[in-house]
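Engineer: Each chain, written out:
Number of protein chains: 2
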Amino acid sequence: MSQFWSNLVHTLTPYVPGEQPKVTNLIKLNTNENPYPPSPKALAAIRAQTGDALKLYPDPNAEVLKQSIADYHQVNLNQVFVGNGSDEVLAHAFQALLKQDKPLLFPDITYSFYPVYCGLYEMDYQTIPLTEQFEINIEDYGQDSGAIIFPNPNAPTGRLLNLEAIELLLKAHSNKVVVVDEAYIDFGGESAIALVNQYANLLVIQTLSKSRSLAGMRVGFAIGQAPLIEGLERVKNSFNSYPLDRLAIYGAKAAFEDEEYFQACCQKIITTRNHLTQTLEALGFSVIPSAANFVFATHPNYSAEKIAASLREKSIIVRYFKQARVDQYLRITIGTDLENTALCDALNQIIR
Amino acid sequence: MSQFWSNLVHTLTPYVPGEQPKVTNLIKLNTNENPYPPSPKALAAIRAQTGDALKLYPDPNAEVLKQSIADYHQVNLNQVFVGNGSDEVLAHAFQALLKQDKPLLFPDITYSFYPVYCGLYEMDYQTIPLTEQFEINIEDYGQDSGAIIFPNPNAPTGRLLNLEAIELLLKAHSNKVVVVDEAYIDFGGESAIALVNQYANLLVIQTLSKSRSLAGMRVGFAIGQAPLIEGLERVKNSFNSYPLDRLAIYGAKAAFEDEEYFQACCQKIITTRNHLTQTLEALGFSVIPSAANFVFATHPNYSAEKIAASLREKSIIVRYFKQARVDQYLRITIGTDLENTALCDALNQIIR
Chain R
307 MSQFWSNLVH TLTPYVPGEQ PKVTNLIKLN TNENPYPPSP KALAAIRAQT GDALKLYPDP
367 NAEVLKQSIA DYHQVNLNQV FVGNGSDEVL AHAFQALLKQ DKPLLFPDIT YSFYPVYCGL
427 YEMDYQTIPL TEQFEINIED YGQDSGAIIF PNPNAPTGRL LNLEAIELLL KAHSNKVVVV
487 DEAYIDFGGE SAIALVNQYA NLLVIQTLSK SRSLAGMRVG FAIGQAPLIE GLERVKNSFN
547 SYPLDRLAIY GAKAAFEDEE YFQACCQKII TTRNHLTQTL EALGFSVIPS AANFVFATHP
607 NYSAEKIAAS LREKSIIVRY FKQARVDQYL RITIGTDLEN TALCDALNQI IR
Chain D
307 MSQFWSNLVH TLTPYVPGEQ PKVTNLIKLN TNENPYPPSP KALAAIRAQT GDALKLYPDP
367 NAEVLKQSIA DYHQVNLNQV FVGNGSDEVL AHAFQALLKQ DKPLLFPDIT YSFYPVYCGL
427 YEMDYQTIPL TEQFEINIED YGQDSGAIIF PNPNAPTGRL LNLEAIELLL KAHSNKVVVV
487 DEAYIDFGGE SAIALVNQYA NLLVIQTLSK SRSLAGMRVG FAIGQAPLIE GLERVKNSFN
547 SYPLDRLAIY GAKAAFEDEE YFQACCQKII TTRNHLTQTL EALGFSVIPS AANFVFATHP
607 NYSAEKIAAS LREKSIIVRY FKQARVDQYL RITIGTDLEN TALCDALNQI IR
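In the order they appear, the protein sequences are chains R and D.
Going by this note's numbering, the first sequence opens with residue 307, and the numbers climb by one from there.
Going by this note's numbering, the second sequence opens with residue 307, and the numbers climb by one from there.
Bound-form chain R, shown alone:
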């Protein structure tokens, strides 16, 4: 507390990210990072840019990266926005597009940064309960509102909403922005980017932190029709001219251009997820069907907190949440096969 703070600061409840432990030799399954390293081509591109040119400002528009993303997703350059991680892209979207006279809607169980952004930009919001099976039911979004946002697959449930449902939602709310936050879409979902050219109210946000293994580089992006992108650019250019450094621009571009490596990593994670799901179910867990690089699971006889603590004693960290409805669930990031075997062995000891 300080007399020097703005009125706003006193009201904020900041987001608390998952732990980044300083000790090594942990099996880290708590923040949904990719267990596989970045594309060797991305690392080579970063090394190639690590030289005298770092004395110069980067391109404020990050055009070479935007062009790679536009080519990959078959949209125009002016339909792409990039930011310093998808959290920054989300922040700008809240300020530029989601702040309206009527409340923003999002699920009750969802990415816990959404209410924090609402606090930062002094926005009203209302949460819409997921169904008993933790599904988003688009018919529940009928009330008067200014905009809608949800992750797909949802976090921390991993549950996917199909494109047909998203299209119905876009049609039913054509006068308001709908943001689909696709941080985890590459692990088994179908991207709503396919709908961008048909729906002027759709903004899709993705990240290179998960499926592209670049959490350490901080790159996210949004795709939508040009007027939505222009709204984001106006806020970005009133906040920070150069959010992406030179190495992030070129590393992300190279990552986007290494399709083979990307597909191979995603496929390995999907396979491991299926194995983990089977093991968990065999141990008596109930597992929400996941299209993400994590699973969300609960056990009828063991508390989530206790399982997490027991895993931690075995040097494995997973995440759990204190929120109502999900306080008995563990969110477990998909690791390598070796990490997954260690996890399954540990759970076998804990549960039996």
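No lab work stands behind these hints: they were computed from the structure.
Among the clues, some could well be false.
Stated by the list, open to error - Here are the computed distance ranges between Cβ atoms for each label pair:
#: 1; chain 1: D; residue 1: Pro346; chain 2: R; residue 2: Ser621; range: 36 to 44 Å
#: 2; chain 1: D; residue 1: Asn331; chain 2: R; residue 2: Glu428; range: 27 to 35 Å
#: 3; chain 1: R; residue 1: Asn331; chain 2: D; residue 2: Lys328; range: 44 to 52 Å
#: 4; chain 1: D; residue 1: Glu369; chain 2: R; residue 2: Leu589; range: 32 to 40 Å
#: 5; chain 1: R; residue 1: Asp446; chain 2: D; residue 2: His316; range: 17 to 25 Å
#: 6; chain 1: D; residue 1: Glu369; chain 2: R; residue 2: Asn382; range: 37 to 45 Å
The C-beta atom is built at its ideal place from N, Cα and C for all residues, glycine as well.
Based on these hints, arrange chain D on the given structure of chain R.
Structural biologist: Leaving out everything else, chain D in the frame of chain R:
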């Protein structure tokens, strides 16, 4: 314009940074970059981190970097805030500290991002005219206000305010935050960081983009007493958990630890600035005394716009501003000796 924009977006007038030309072989003296490359130790540190660990999120608190900055400036760890370039640090300072019930004060001729931030955070501000000699006169800041910000040396004038004057200002306004934006302090000024432990209302902001040759990496920081830093952290953690990527954290840390290289670069720039000032004065320019890595100069017989255009024809780019009072001034970044010789030769041809 779009029906989907928030009310705020319609009102914004974004900042326009200096040109980052895509053609090479230009002598680029328009955006105050350092003409010397980053410390070889900084580049080595970046290369050493360019590996598998980029799959993981960076430390959200960037503690190793904060510790280096704290050690260098002899303050505590909780007196250091870091951000994605000093523009991001400034943005957070506007939202967390400078937004008050009464208007913010800053000079009429100053960093042109300040009114943009006021637009973004819907803040009232009033500009205080510099003196005829483009000096900040602290006695002109007596009116009722909520906070004060100015660059020191000022931009784009390069003119320095001494620490005695700053201390008087801090004493006269002990109930409000005073931000001293020291992007250019290392080129001949004395930092107000020396006053931080005595004045609870002082926040000093610096960048690694100028004197540390890392504009391409995007790292800035603020130093103040712990409550001011906590205010910034609360906003940062409500906006983006990980604003600094792993390479920026380690590159910046290494740059901070290479004192010898840093001092040598600053000294070369100061020497070249003195040579350029002499040449400009010999050509009839009036040059504002500069403590920055640029000079601000006007010629009685030639318009700034025309000189800039003539220089551009000779592949040299400098900056000029369309604002009242300074529309006849050129802002010329200090280059290498070779670049400076080319500039002086070109000016000799243009002016004679």
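Engineer: A separate judgement is required for each hint: does it hold in the structure or not?
Structural biologist: Hints and how they fare:
With their beta carbons about 38 Å apart, D:Pro346 and R:Ser621 fall inside the hinted range of 36 to 44 Å. Evaluation of the 27 to 35 Å hint for D:Asn331 and R:Glu428 yields a failure: the beta carbon distance comes to about 49 Å. Taking 44 to 52 Å as the suggested C-beta distance range, the pair R:Asn331 and D:Lys328 conforms, at roughly 46 Å. Between D:Glu369 and R:Leu589 the Cβ separation comes to about 38 Å, which falls inside the hinted range of 32 to 40 Å.
Taking the beta carbon of each, R:Asp446 and D:His316 are about 31 Å apart, not inside 17 to 25 Å as hinted. For D:Glu369 and R:Asn382, the hinted distance range of 37 to 45 Å is satisfied, since their beta carbons lie about 41 Å from each other.
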